[in-house]
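Position chains X and W against the provided structure of chain U, taking the given hints into account.
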Amino acid sequence: MKPPPFVYHDPATVPEAVDLLSRLDNALPLAGGQSLMPMLNFRVVAPDHLVDLNRIDALSGIAIAGGVGRFGAMTRQRDLEFSPDVARAFPIMQEALSHVGHRQTRNRGTFGGSLCHLDPSAELLNMTALHDGVLTATSKSGERKIASTEWVQGIMTNALRAGEMLTGIELRAWMPGHGFAFEEFARRHGDFAIAAVGCLVVLDASGTIEKAALCVSGLGPGPARLAGAEKLMAGQRPSHELFRAAAVEAEALDAVDDAFVTAAYRKHLARVLTYRALERAVAGRADRRSAA
Amino acid sequence: MGAKWFGASVQRKEDPALLTGRGRFVDDIKLPGMLHVVVLRSPHPHAAIRGIDKTRALALPGVHAVVTFADLPESMRRQTVPLLVPNPAIKQVYMPYCLARDEVCFAGEPICLVVAESRYVAEDAAALVDIDFEPLPAIADCADALAPGAPLAHRDATSNLGAHIPLDVGNVDAAFAAAAHVFRERIFQHRGGPFFMECRGMIAAPDPATESLTIYVSSQGPHRHKRVLLDLLDWADHQLRIVTPDVGGGFGPKGSFYAEYGALAAAAMALRRPLKWIEDRQENFLSTQQERDQYWDVEIATDADARILGIRGKLVHDSGAYMPWGVVLPWIAATTVPGPYVIPSFKLDVLCAFTNKVPTSPVRGAGRPEAVVVMERLVDRVARELKLDRAEVRRRNFIQPAQMPYKVGIIFRDGRPVTYDSGDYPVCQQSALAAVDYENFKARQALARRQGRYIGIGFGNAVEATGLGPYESATARVATSGRITVYTGATPQGQSHKTTLAQIAADQFGCTPDDVTIVTGDTAATGLGVGSFAARTAVNAGSSVHLASKEAAHKIRQFAAAMMEVAEGDIELENGFAKVAGSDLKRSFREVAAKAVGMPGFSMAGGPLPGLEATSHFTPDQSTYSNGTHVAEVEVDIETGQVTILRYLVMHDCGHVINPMVVEGQVVGGVIHGVGNAFFERMVYDGDAQPVSTHFGDYLLPLATDSPNVEVLHMETPSPLNPLGLKGAGEGGTIPAIATLMAAVENALEPFGVHIAEAPITPQRIVELLGEAAKGRTK
Amino acid sequence: MSNRRKIKLTVNGQDYERETETRTTLVDFLRHELDLTGTHVGCEHGVCGACTVLVDGISARGCLMLAVQAAGKKITTVEGLANPDGSLNTLQQAFMDNHGLQCGFCTPGMLTTLTEFLAHNPDPSETEVRIAISGNLCRCTGYQSIVAAALQAARVMREGKS
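Protein chains in written order, with our numbering: chain U, 16 to 307; chain X, 11 to 789; chain W, -16 to 145.
The following block holds chain U by itself, in its conformation from the complex (with noise of 0.2 Å):
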């Protein structure tokens, strides 16, 4: 389990990472390596070169301005966990975080390298696709623009092409005092998760929901918003039937066997978490009120 021989290369600046992926055939680009380098150890990948994005600091750092939160690709899951900044604005994120690998790998594992993994269940997929993400591919032709819905193509593959790489991320934040839940079910603590919900809400002063945003990870290749749940729940007011028809929307999303986990189980783990996660998050908000 010890890494194939390639060429390593560790550019300081974006213009040379995208010069050298342009230019080099079977170039993987490295970011944090909590995916890539087990991978190598294993030998299921083989790349000839080895681009390490760690040297670039023009790719991290975290901007939130006039309601949108610009990260750079190379930010580390660390950074997000412990950014005040983040915290006010993505009040949903830490939580959302808590459940990513461990503290080490969120030590080194960046918001760019979950995503253009892309493991089906990352929880920082999820937080992109809830807050309706912009991602930015750079290439040595400028920068493109990719809508988070645009960004999963297939199981594990991301919207990237040739020559081009992630390099940004922006999140719209919701109004202060939302309400929100990420309710996950993984098999231990920090294991992938077999299905996640992120859940945020806005109430009005009586207590109807204005605006509600849901989130599905674990069963399709990609996070999938609950739409029609979205679009029923909002002018009403919180209520059993309410959550319970989230639910069963949840449940009916396409999901596949594994080895491990049926298709069947992680639509269930769907519904009972979109109702948890709603219910979590219309209390919060309640809460968060009652306390102001």
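Check before you lean on any hint, since a few could be wrong.
[Stated by the list, open to error] Ranges between beta-carbon positions, derived for each pair: (1) G40(W) x P99(U): 12 to 22 Å; (2) E144(X) x I170(U): 31 to 41 Å; (3) D112(X) x D273(U): 30 to 40 Å; (4) D72(U) x D112(X): 54 to 64 Å.
[To be verified] Think about it this way: if two alpha-carbon atoms lie no more than 27 Å apart in a straight line, the pair counts; the simulated DSSO-like pairs of lysine-lysine are: (5) K789(X) x K282(U); (6) K605(X) x K589(X); (7) K40(X) x K236(X); (8) K324(X) x K417(X); (9) K246(U) x K789(X); (10) K596(X) x K560(X); (11) K785(X) x K282(U); (12) K589(X) x K560(X); (13) K226(U) x K160(U); (14) K57(W) x K(-9)(W); (15) K785(X) x K246(U); (16) K56(W) x K(-9)(W); (17) K(-9)(W) x K40(X); (18) K57(W) x K40(X); (19) K789(X) x K226(U); (20) K(-11)(W) x K40(X).
[What the hints assert, rightly or not] Reference listing, derived: stretches of chain U covered by chain W, where coverage requires no fewer than 3 residues with Cβ under 8 Å from a Cβ of chain W: (21) 20 to 28; (22) 200 to 207.
Simulated from the structure, these hints should not be mistaken for laboratory data.
Where is the CB? At the ideal position from N, CA and C, for every residue including glycine.
Frame of chain U; chains X and W shown alone:
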């Protein structure tokens, strides 16, 4: 000599080195000129090998050799790895050659060694060895393997039946005919493995001048490895020294001799270079021995009062591709079934099937956890059907202390009748249940259910054969420097023997454990040795260390008495001195030892035998039986199937305890191993016997966040079978744990009529068993 | 471009300059090129935590970093944890007091992980400790004694500071 150290929670002598990075595990050893080896393993569960082309691999710079079956010495080509525990129950013997000859029978079987300057280059070269395989039909499931027309795990076998053990005690058919009640259970217990943190590894360092080898191997006992290697190399005793340094966990499977060990020794001799092979984690999943699967189909007969009249049924055991430990594991499983209960008649047909999977051998508990699951499931079934309390059914069936020693009626694998030496099973259960306030649990459960929470309690009783013979070696020696060393064939893998055995010795020498160095697992230090497995070291090595130290201490007194011209009985040993009681007269151990080795030309005739040393090979008559009761309280989230362990308590009786801190550590760690088997660990193969769970992302070990705090309480019923009253403690944590947790989950789900008959029981399976009820609040 | 590179780094306060193959993992570099064998290799896929070291004070899997990525960094391994006089530090002593290790193979990763954690969270709850070590596998102890050791160490460190 009074026991000052025996029984005390002495801090461990092993710790300072391990806490500061100064441990010495096999992979920490670096020898001049050492080369690195990759074992190239079969990617096929079953295939014929038509040919091997090394050309491309050998062309890679840095590659020194590719070693195949054809390159092995004649002594390794004419014989397989020997079966050390033959048994008439074995119908077909299949053991591997040191490298596959012309057939591979599991994905992971060694085919060749690739030797290179570094592990990195060796892995590069391994990908360049071209092997022409002819894939053969493979069999994955042991129950399917016994069906007519099943693919054969070995192409020249007559069937997949490896062994058949018929156990028959009393008149079981008459008992069933007369029974008021008969219940049948079908129970499946899934494959799991040891998954020690340090993978296996070995260094073979040849000395061409003397045609000899020194081997460092991560093992549970080098002496048996030496025995095997002497056969395979056709060598004399002086040519081989095997040393086991620090070992990062063993749990059973590091006790086995693996085919690649022979190949590595031969390759080192051929290349005249030290060779290091360190198993990586992927190989560990593909080649280190595992335990189970087992399918049990059993019936229990009781009278109208729930008294057990008999048990009968069938066990199908998955041997995997070979039988490295013969029928030891299924035999232990079968004979452990009766446990602490009076079972007047018992009939079990044990069928061991070959499959194209990693061979199975004992893992912590060694078949006993499976047996306890079966017995305790049956007893719980009786209670449920007869609407009796589960504790009451057990009370009615316990063997009573007055019946000790108790003959179970079954013959153990050593050919001797199973005879429990001591133990108080009724009090053990009663104390455990009292400690968790079992009486009021039903009320707490009812309250929780009203709140929509499903809590349950389960318990399990077990009796465990420990301290298996034949013996363990110990030589206690006081050097002419006055320093004390005790050598033993015991081979710790984390069990703290360097501390506990030093405690035993210190009591004899009147010194502290820090004054005694325990040297373990070195064939040059003790000629004989068996090793550490099967909870045998405290009883065997502990007794031997006690007896050898006692005798060596006696010799100190003899020589010192002569030196000071006093009676032997007046000598006391204290802090490195032999003192004359009630006077200032004394001699240091150093002076006495110098005297005891003699001086050239001066006769020692007529005095004590030369040297301050003594050797003992304590040989127990039979096993001594530890016992325990485990109790678990769990909560099940019916919507997700998640089980949370709310409380876990162990009442444990392993006789006199050498070091309570160490025993508690063994018990707690063992329980969490059981938690893994009960809820998490699944070694999954596809229908063609290709392993699917081959890394720690798919094979789940319990984490700190999955592990409860375990409360450990002790009873001490000393064994009459050894001088210190010891019983084994290494596996008692694991053995009843699976049964206990299954029972607790079933009890939590009682309102839904869910019956648990498989381990591990996963959240997904719980949701499946709950059906519509799992929709919970989303209904 | 060569597959070898010369790197400078500091390990446990000592400066090293070595040429290494660029594909060498950090843990292999520490163990086999610097002979610091206290850091262990348990799985090489980032799950077991035995190879955890501190990189500029922050824990990382030694098997998921290349040695060349540690160039210019300050690395702390288990060999660098003891007090300057060689005695066990508070955390190590707590492991010894609580029987927090049996075979000792996972121990270096537990110690480095907890070193970072306790510096960040000096007064943790039991649950927080369990989460902190949830990325470190131990097959011997059942974790209970490790958790007890961490809580003892935290308490002693807090008392030492007050």
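### Query
Measuring from beta carbon to beta carbon, are D112(X) and D273(U) in 30 to 40 Å?
holds (35 Å)
### Query
Is it true that the C-beta distance of E144(X) to I170(U) lies inside 31 to 41 Å, as the hint says?
Holds, at about 33 Å.
### Query
For the pair supplied as a hint, K589(X) and K560(X), is the alpha-carbon distance within the 27 Å limit?
holds (17 Å)
### Task
Verify the coverage statement for the stretch 200 to 207 of chain U against chain W, using a C-beta to C-beta distance below 8 Å and requiring 3 or more qualifying residues.
Holds, because 3 residues of the stretch 200 to 207 of chain U bring their Cβ atoms closer than 8 Å to Cβ atoms of chain W.
### Query
How about the stretch 20 to 28 of chain U: do at least three of its residues have a C-beta closer than 8 Å to a C-beta of chain W?
Per the Cβ count (6), the hint holds.
#### Entry: Distance restraint between K785(X) and K282(U), which requires alpha-carbon spacing of 27 Å or less
holds (11 Å)
### Message
Tell me if the straight-line CA distance from K40(X) to K236(X) falls inside 27 Å.
### Response
Roughly 22 Å between the alpha carbons, so the hint for K40(X) and K236(X) holds.
### Query
If you check the beta carbons of G40(W) and P99(U), does the distance land in 12 to 22 Å?
holds (20 Å)
### Query
Does K589(X) lie within 27 Å of K605(X) when you go C-alpha to C-alpha?
Since the Cα atoms of K605(X) and K589(X) sit roughly 16 Å apart, the hinted pair holds (cutoff 27 Å).
### Task
Would you check the hint for K246(U) and K789(X), treating anything up to 27 Å between C-alpha atoms as holding?
Cα-Cα ~22 Å, so holds.
### Query
When you check the alpha-carbon spacing of K57(W) and K40(X), does it fall within 27 Å?
holds (26 Å)
### Task
Given the hint that K789(X) pairs with K226(U), test it: the Cα-Cα distance must not exceed 27 Å.
holds (25 Å)
Checked against the numbered hints listed earlier, the structure breaks none of them; every hint is satisfied.
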